Amino acid sequence: MYQLLLTTKYLTSRVIPLIAVAAVGLCVALVIVVVSVMSGFLNMVQSSGRTLMGDVVITYGISGLPHYGGLITHLEDNENIFAATPIVDGWGLLRMPYPDSKAKQSETVQVWGIEPISFAKVTSFDKSLQWKTPTENQMEWLLFDAITENQDTLRRAMGDDEWEELVVIVNDASGALNYESVMLWERVQKILDDEQWSLVLSFDERLSNPDAIFQQGLSLSQNGSEGIVSGLHVSEGNERQKDGSYRVVRNDYWWLPRYDATLTMLPVDAGGGVIEPESIIMPFVNEFQSGVFMIDESRVFVPINIAQQLLHLDQAEIVDENDPTEILGIDPAKATSILVRGIPGTSADDLQIIVEQLYDEFVSSLPLHTLVLPPSRSNPGLTIHTWEEQQRSFTGPVEKERELMRTLFSIVYLVVAALILSIFWSIVFEKTRDIGILRSMGASRGSIVWIFLQYSLVIGIIGSSLGLLVGWLITKNINSIHDAMGNPPLGIAVGSFALAFVVAVYTVSKAKSGQMLPIVLGGLGLVVFCGIGALVLFIKSVGGLIIWDASVYYFSIIPNEVDWPSSLVTVCGAILFCLIGAVIPAAKAADTDPVKALRHE
Amino acid sequence: MSNVILEGKNLKKTYRLGRASVCVLTDASLQVEEGQWVTILGSSGSGKSTALHLLGGLDRPDKENGGIVHFRGESIWHQSNRRINKYRNKDIGFVFQFYHLLPELSVLENIVLPAMVGGLGFARASAKSRAISLLEKFGLGHRISHRPRELSGGERQRVAIARALINEPSILLADEPTGNLDEKTGGEILDVLSTLHKEGLTIVLVTHNIEIAQRGDVVVRLRHGQIDRPATLAH
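Just so you know, the protein sequences line up as chains A and B, in that order. For the record, in the first sequence the residue sitting at position 211 is 211 according to the numbering used here, with numbers rising by one throughout. For the record, in the second sequence the residue sitting at position 207 is 1207 according to the numbering used here, with numbers rising by one throughout.
Hints listed in this document are in silico derivations from the structure and should not be mistaken for laboratory results. Only a predicted model underlies this, so the values are computations on that prediction, with no experimental measurement involved. Every residue, glycine too, gets a C-beta built ideally from N, C-alpha and C. Keep in mind that a hint or two might mislead.
[To be verified] Facing chain B, a subset of chain A residues (Cβ under 8 Å, in silico):
#: 1; residue: Y10
#: 2; residue: A443
#: 3; residue: W450
#: 4; residue: V595
[To be verified] Sample of chain B residues lacking proximity to chain A, with all beta carbon distances greater than 12 Å (derived):
#: 5; residue: N1065
#: 6; residue: R1147
#: 7; residue: K1198
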């Protein structure tokens, strides 16, 4: 009982335990934030790998897999396989709608030709589509586009006065819409009669049915023609906001689904030689965000038949070299990869074995006279990998990094122990006389140890709980903290300099007395506040800092989920090491000769 | 005598100071009867505090031929640590020259502390009410929640005496209790001790001051590490 009384009194009447609590808390928070971010990073890598490519990938990139349709049917017949989908991938150039001049920018993109329906079954393609429905601004732009692109048709359906009025409104909008909403819908609808209005709506399906944009993305088609879905970071028009959402620059002017894309690809013949480049123009129908920056900045999806055409992997006739009129047979369309997803509960490793067996079965089941055969499994160009193996070059280093971080930051525990040890050493020294007094009134050695252990236990529990709280808060808000550090508000600089001024005035007024402590504290405060202010101004002057560069770390946001198991281990570890740090001084305290202790001044 | 409560027999204590060893007590013997006030008179450095510490179980006599301390006929150093702790806690009360109050605790908490060490909770009404009645008896009823640093020397020593008495010990051991006080305040403290003695408390007091020594029933003189008997005052 009295140990508790003394522990409470010691804790509340001194500054040292507060410093110890703060130090333990900071150590714990540090470890929690680092380990949580690293674990979250690894989880994101792994889960994105899986959602992007299913469980198992069959790849034959050299000339593509023929008869892939039959292979997929054979795969899907197996009870362990949920779905499989063909991919044709290659590199291409995408002509972007910007800038305003005639010379347009081109982006290098990785083109994936997909079958949208089966692709969505294997991956989370549907969930990654960015535009479920257009924003109000985007709807205004769509109406603006519909009117300007179909003005001849519209002119014929309208009277002169109405037409003049419409031209004024649309001309106004063409400038103003870059900055603000111009209520285009209300104003146009006011001029037009019902028939004219239905005509306008008929120009673009998205005008009458805003949800159509999502369906267009899912089906990679728009108004009957094929379309392209591009990664969110392919376009320079998309800007990430602090809350993680995206905004299109110039008030949605550069919103890709308004434009057509020109996609150029280089087909390669069976010998590896380059054939004439192939181009196609088609509309952007939607954009996708997988969360993996590397993919979002370079990948576009097109219908598989388009990719096959552009890469010359579509169905073709095989002719006699000596007599081109003689048709020897048909070269079937090919896919470069097949993505396979297992039913829930099947491990990727098990599935890999199943897929290998099924592949062998399929190849041997083909008739002997088949002209173009898929490669056998002994062909080194053919790989059947799990998503983990496919991502190994990517996840492996991250996994190692996390373990390294864990090991390095475990040293923090030793810091905690050393800290508590030194603090308790001084506390015990200071309290030696108290120990003598307690011993003289019959306190046992064990109970003296227990006083200091209780003391350190309280420091450990309070400190690591605070650390857990701080770590949780930092991890949860790490993206906003990151943004604020990269682009700090000017108010912080102003506030820091104001505080520095106050500290300076206070220090000067105290300096007259000649006492050192206020001068030292004031000087430190001055340096810290001026430093913060200057740093903010510096960051402002260089236009903000990017600390977590998405192009380096693959992901566009920093993982912000707390790794609870590791955090709880950290908290328990910190408490344990507090006890370890305290037990030595506590034992020393208990062994103090009471008579000597009483003489201690 | 049957009513000897505390007895030190042939006590010997040697301190090591670096390589040299100083023999403070060579062969000191003392008997304290129940209800007696025994004063140990000795000059500074004569070993009188050491003698008191040995009697109070705070310090051990030399291992070889160090003598024996008997409390109610039992040798205290031939008991378990637990029994010695209990002896310090229940059977004796210590009063020191420099009060030795815990600065973080209030007056009341300081007084109740030995009761808590002995296993009673602070909230236990018996310990608390006894502490309050002791404080009132010593004229400190208004100081209950003060911190020791807010008290005068005399007040602090009265708090220390109250603390020594909280567990109703058989003997009060006082080590120069007035050594740090002016004559008047010291006199008041001695008056308090006299009152307690009249109420039946056994007291062993250590001092270098002959006038103070006159308060006791029996005065012994400590010289050359030995205690002289019979107890007669030279002046």
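To see whether the hints hold, each was checked on the structure:
no.	hint	result
1	Y10	holds, 6 Å
2	A443	holds, 5 Å
3	W450	violated, 12 Å
4	V595	holds, 5 Å
5	N1065	holds, 21 Å
6	R1147	violated, 10 Å
7	K1198	holds, 25 Å
The structure is inconsistent with the numbered hints 3 and 6, although it conforms to all the rest.
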